Amino acid sequence: MDWGRLPLMRQANATRRRTIPGATYVAALAAVVWPTYAFAQDADRPASPPAAVQGRADNRAPVTREEYDRLLAEQREMRAELEQMKRERAAHQPSAGNNGQGAPAVATQEDLDEIDKTVRALRVDVDRIHPGTEAFLISGDASIGFVSQRRNNSTFFAGLAPLVLFKPTDRLLFEGAVDLGLNTDQDANSSTSIDLTIADASYLVTDWLAVGGGLFVTPFGVYHNHFDPPWINKFPDDPLAFSGTLAPGSSVGFFARGAFPLCGTKVTYDVYVTNGPNLIVKDPAAAGTLNFDNFSDLNNNKAVGGRLGFLPVPNMELGYSIYTGEAQPSGFPRVRALLQAFDVNWRPEVDAIAGTLDFRAEWVFSDVSRATFDANHSLGFGPVTFNNYRDGGYVQLCYRPTKVNNPILRNFELAGRWDFLKTPTAAPGGNSEQRYTLGLDYWLNPQTVLKAAYEWDRVEVGSGQNGFFIQLGIGL
Amino acid sequence: MKYVRTQMGRLRAGHWVIAIITLATSLTMIGCDTAGKEEGPATRPALAGIFTPPAKTGSQLWAENCTRCHYSRPPTQYSAQQWDVIVTHMRLRADLTGQETREITKFLQGSN
Chain L
1 MDWGRLPLMR QANATRRRTI PGATYVAALA AVVWPTYAFA QDADRPASPP
51 AAVQGRADNR APVTREEYDR LLAEQREMRA ELEQMKRERA AHQPSAGNNG
101 QGAPAVATQE DLDEIDKTVR ALRVDVDRIH PGTEAFLISG DASIGFVSQR
151 RNNSTFFAGL APLVLFKPTD RLLFEGAVDL GLNTDQDANS STSIDLTIAD
201 ASYLVTDWLA VGGGLFVTPF GVYHNHFDPP WINKFPDDPL AFSGTLAPGS
251 SVGFFARGAF PLCGTKVTYD VYVTNGPNLI VKDPAAAGTL NFDNFSDLNN
301 NKAVGGRLGF LPVPNMELGY SIYTGEAQPS GFPRVRALLQ AFDVNWRPEV
351 DAIAGTLDFR AEWVFSDVSR ATFDANHSLG FGPVTFNNYR DGGYVQLCYR
401 PTKVNNPILR NFELAGRWDF LKTPTAAPGG NSEQRYTLGL DYWLNPQTVL
451 KAAYEWDRVE VGSGQNGFFI QLGIGL
Chain D
1 MKYVRTQMGR LRAGHWVIAI ITLATSLTMI GCDTAGKEEG PATRPALAGI
51 FTPPAKTGSQ LWAENCTRCH YSRPPTQYSA QQWDVIVTHM RLRADLTGQE
101 TREITKFLQG SN
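In order, the protein sequences belong to chains L and D.
Number 476 marks the last residue of the first sequence (the working numbering); no jumps.
Number 112 marks the last residue of the second sequence (the working numbering); no jumps.
Where hints are given, some of them may not hold.
Take a look, some chain L residues computed to stay more than 12 Å from chain D by CB distance [to be verified]:
{"no.": "1", "residue": "E74"}
{"no.": "2", "residue": "H377"}
{"no.": "3", "residue": "V461"}
To spell it out: a stretch of chain D is covered by chain L in this simulated footprint if at least three of its residues, at any positions, have a beta carbon under 8 Å from a beta carbon of chain L; those stretches are [what the hints assert, rightly or not]:
{"no.": "4", "region": "61 to 75"}
{"no.": "5", "region": "86 to 92"}
These are calculated hints, taken from the structure and not from any lab test.
Being a predicted model, the structure only gives us computed values, none of them experimental.
All C-beta atoms, glycine included, are put in the ideal place defined by N, C-alpha and C.
Pulled out of the complex, with its shape left as it was, chain L reads as follows:
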């Protein structure tokens, strides 16, 4: 028996053999132990012998050097084949333009959406780094036109009202606006008027609240706040109630405003504290009227006001406004002014007439304490005492055939308005006036409109100023 070829040695290096001292004793011990060990090994083996030894007659026979070399060669060959397969598989991995089978890939809608989303995000990033345009914008409006009124010379006119917006942070917005206009007085002195109309800062506190201060458009009624830019107003001129003496335009002070949903509807609110109006007491033609351009307060009493709006449906809004404060200048008896206004606007699309209706109405009433003007006749027009109650308003209805197929006809809009202003006839300059205006507008684009209108004017004292207007209103 060759001790160097024991089956145990199949798990070791077959080339290593060693003759140990006392081999005879070891051989005898092995002769006793081996049959037991070999039997136990056979019992643990599966019924089917391993493939490596399946072709051999005796699977317990030791591996020869020749067999070992052959198995080693086969293993190396298989390893090489495996590496080759890995390389080939890596070479055929799906890539742009290929799928796993080597055929051209077809982009799915999801792929396109993903690409589109990425491009838009990149565009936003690029816009964000544009120098000077990050949060600064000049907008506003402009108008040019022509007016011919009875008892006045016809004239062309032009105006520009740039609006500057600056948003330095997500919650802070600064707004500034001026009205630039042309004037010529009775002495033929021409000038350019510059009126600062907005200069305020607003801070967005919550989703439902913003606070701010400065010179802001007074949210009394909605005309000045929403409708007076020439590209929004359907007519070339303002309603009488919002022409200057009855309702405030811009005010200096602080405000809080916002909106919140309520049971599927929406509520809007504005509250503010301002310098308030100043009662005109010395002008023989205007004593008793309120001057709202009280930018540096003439007394320590501030005016407070607010507006509450309700939108039962998205295209309708109902509003109530109130504004009150003391208005007397220094040295004049105490006079309190209380102004209130109701407004409604509704803009339904009506299939039956293939178009859109735009209905707007506001009513303003002003109650100023009874007072005596020029009490000692030092100004030459007094003493004059009267109940200083005034009111005015307008109702307008417009129709645009937005649903007709003809693109030219679709851009026309027919507009009709009735407006009025009543002032005490006992007051200096007091009168009652009402106008009927019929207009035809043509919309060149959503923010550019060419307007033509004729106005019938009726006054209680004197004769009215019927007039014809043409205006091009542009939103910048």
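Could you slot chain D onto chain L? The hints should help.
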């Protein structure tokens, strides 16, 4: 009306300031709960049904709110950043909620 005028005449500016501060504080406290986060039914069960806005897309809100006063300018007229500034301005001018402002801005920026 005469009674209303009389009562209003008795109110001084100080009363109005207190009323304004009270209203602003109340709206701040309520609005803080909803600012910048999604409304959830479990957040405020008692108020969720009352103050939850109708579920509308940005395009719906854009059409409803802008056209109430004027015809809408095309989204391509301004860049994404400019729309952000303009819609913030319109939030103040047209009394939009913060949620409406975000949805409209998102729609306009995604459409330009």
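Q: If any of the earlier hints don't hold here, list their numbers in rising order.
A: The structure conflicts with no hint, since it agrees with every one listed earlier.
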